[in-house]
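Trainee: So the protein sequences, as listed, match chains A and B.
Position 71 of the first sequence, counted from 1, bears residue number 70 in numbering that gives the first Met the number 0, the numbering being contiguous throughout.
Position 274 of the second sequence, counted from 1, bears residue number 273 in numbering that gives the first Met the number 0, the numbering being contiguous throughout.
Think of the hints as simulated: they come from the structure by calculation, not from any bench.
Be aware that a few hints might be false.
[Said to hold, decoys possible] Simulated pairs of lysine to aspartate or glutamate, EDC-like, Cα-Cα distance not exceeding 16 angstroms:
1) Lys95/A <-> Glu253/B
2) Lys16/A <-> Glu264/B
3) Lys80/A <-> Glu264/B
4) Lys194/B <-> Glu126/B
5) Lys147/B <-> Glu6/B
6) Lys76/A <-> Asp235/B
7) Lys100/A <-> Glu84/A
8) Lys121/B <-> Glu253/B
9) Lys100/A <-> Glu258/B
10) Lys243/B <-> Asp48/A
Okay, here's what each chain looks like letter by letter:
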Amino acid sequence: MQQIPIMLAKAGMVLAKDVFRGGVPAGMPICGKDTVLTDALITRLDQMDVQTVYVDGHPVWEEGGQSIEEMLQALDKRFEKCREEPLNSMLYDIYKAHLTKSMGGEGGR
Amino acid sequence: MEDKRGELKKIIMDTKTLPTLPGVINKLNALSNNDKASVQEMAKIVSSDQVLSARILRLANSPSYGFYRVSTISNAMILLGVNVVKSLALSSSIFAIMEKNSVGLWEHSLGVGVAANLLARKLELPECEEIATAALLHDIGKVLVSLKCSEAEQEVLKLVRDRQIYMIEAERDIIDTDHAEIGGWLSKSWFLPEKLSEPISFHHDVIKSDNHRIKTSVVHIADVLIKASGFGNSGDSFVPVIQKVAWDTLKLNEQILAELVAEIEDKLVEVKNFSLEMMGE
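Throw the hints in and build the complete structure from the sequences for me.
Mentor: Written out as structure tokens, the structure reads:
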């Protein structure tokens with residue numbers, strides 16, 4: 000999941016969270032999670048003062064953002080002292096799978 | 000070594016005031032001027048700040064109020080009244096001098112609070128809010144070391160870097176105690192209830208927790224998860240070993256852990272934005 004400004008949203012991206020008018024949960028709900036964005040929908044959202052949306056995957060590369068390789072390297076480093084422990088090793092695998100999925104998974108570009 | 004520990008303990012027990020981040024103060028102030036703001040909304044803002052939460056809880060639990068032990072921020076706020084909380088928040092802003100390096104610790108604490116809350120809800124444990132508060136305050140000992148003994152803190156951080164060891168090992172080496180024990184002293188001197196002080200004191204040594212082992216286990220696991228995630232900066236660059244006793248106490252399994260990691264990571268995207276917003280003010 001990644002939060003992106005509406006101006007970077009593209010048709011085909013999939014919403015990871017519900018969107019509310021004005022971008023605040025107190026606002027009127029406009030469209031739900033799992034909706035596939037279209038150009039018309041993006042224009043509508045923009046007109047309704049929605050500034051950012053959460054989308055599946057990690058479609059936009061941000062300034063200073065890490066690549067998946069860098070992220071996995073940092074993960075290895077963090078687990079350096081405890082990889083031998085069975086529970087930690089399980090946690091490591093879960094995190095690795097999660098990172099891989101969130102960076103490249105569905106909706107990723 | 001013994002005098003160093005005693006000396007440190009004296010410094011901690013003398014503590015009357017702790018710094019807090021000004022962004023929280025501004026938000027709280029704006030909210031308390033708004034007649035429509037609810038205590039819950041304010042409690043939510045306060046809960047995002049470990050030091051302010053601690054100050055409010057300390058006040059609500061002080062013997063002069065003579066009430067039962069209070070362990071949630073919203074109860075404390077109802078007990079004390081909005082004006083007291085507001086003045087407390089304002090007086091805290093004197094301490095806007097919190098240095099840049101504590102932003103990482105603040106993010107770490109916030110992350111552990113979020114993770115503990117999600118874990119407690121997932122396991123349908125009672126008193127989720129208390130658990131989240133304990134998690135938010137779990138590293139309060141580090142804030143104190145940084146404030147009161149900044150030289151020792153630098154030495155600890157240097158040792159951590161040079162020898163690539165866990166922070167708690169470096170602390171024991173240099174100050175003959177550690178942030179968990181210091182946090183424990185502090186929570187005692189503030190008359191915090193045991194359900195908060197035990198997780199603070201034993202989040203690195205769950206087996207020592209007798210009366211609130213479940214809460215302590217949640218805080219321990221949440222701390223490990225946030226360190227694994229790399230969110231914020233606790234001062235430690237390595238993930239601690241998951242303590243078997245905590246794992247067994249909570250009856251965790253691989254599926255729960257995998258679901259939890261996904262939930263935490265989703266939530267952290269929001270927390271990160273919240274934290275950036277606070278920094279910007």
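Trainee: All hints are to be evaluated individually against the structure, with a verdict given for each.
Mentor: Here is how each hint holds up against the structure:
Using a Cα cut-off of 16 angstroms, the hinted pair Lys95/A and Glu253/B holds, with the two alpha carbons roughly 14 angstroms apart. The hinted pair formed by Lys16/A and Glu264/B meets the criterion: a straight-line CA distance of about 14 angstroms does not exceed 16 angstroms. Of the supplied pair hints, the one linking Lys80/A and Glu264/B is violated, its CA atoms being roughly 23 angstroms apart against a limit of 16 angstroms. Restraint check for Lys194/B and Glu126/B: satisfied, since their Cα atoms lie roughly 10 angstroms apart, inside the 16 angstroms limit.
Distance hint between Lys147/B and Glu6/B is fulfilled; the C-alpha atoms sit about 11 angstroms from each other, no more than 16 angstroms. A distance of roughly 12 angstroms separates the Cα atoms of Lys76/A and Asp235/B; the hinted pair therefore holds under the 16 angstroms criterion. In summary, the hint linking Lys100/A to Glu84/A is not supported, as the alpha carbons are separated by about 24 angstroms, beyond the 16 angstroms threshold. Restraint check: the Cα-Cα separation between Lys121/B and Glu253/B comes to about 14 angstroms, which is no more than 16 angstroms; the hinted pair holds.
Of the pairs offered as hints, the one joining Lys100/A and Glu258/B holds, with about 14 angstroms between alpha carbons and a cut-off of 16 angstroms not exceeded. With a CA separation close to 49 angstroms, the supplied pair Lys243/B and Asp48/A exceeds the 16 angstroms bound.
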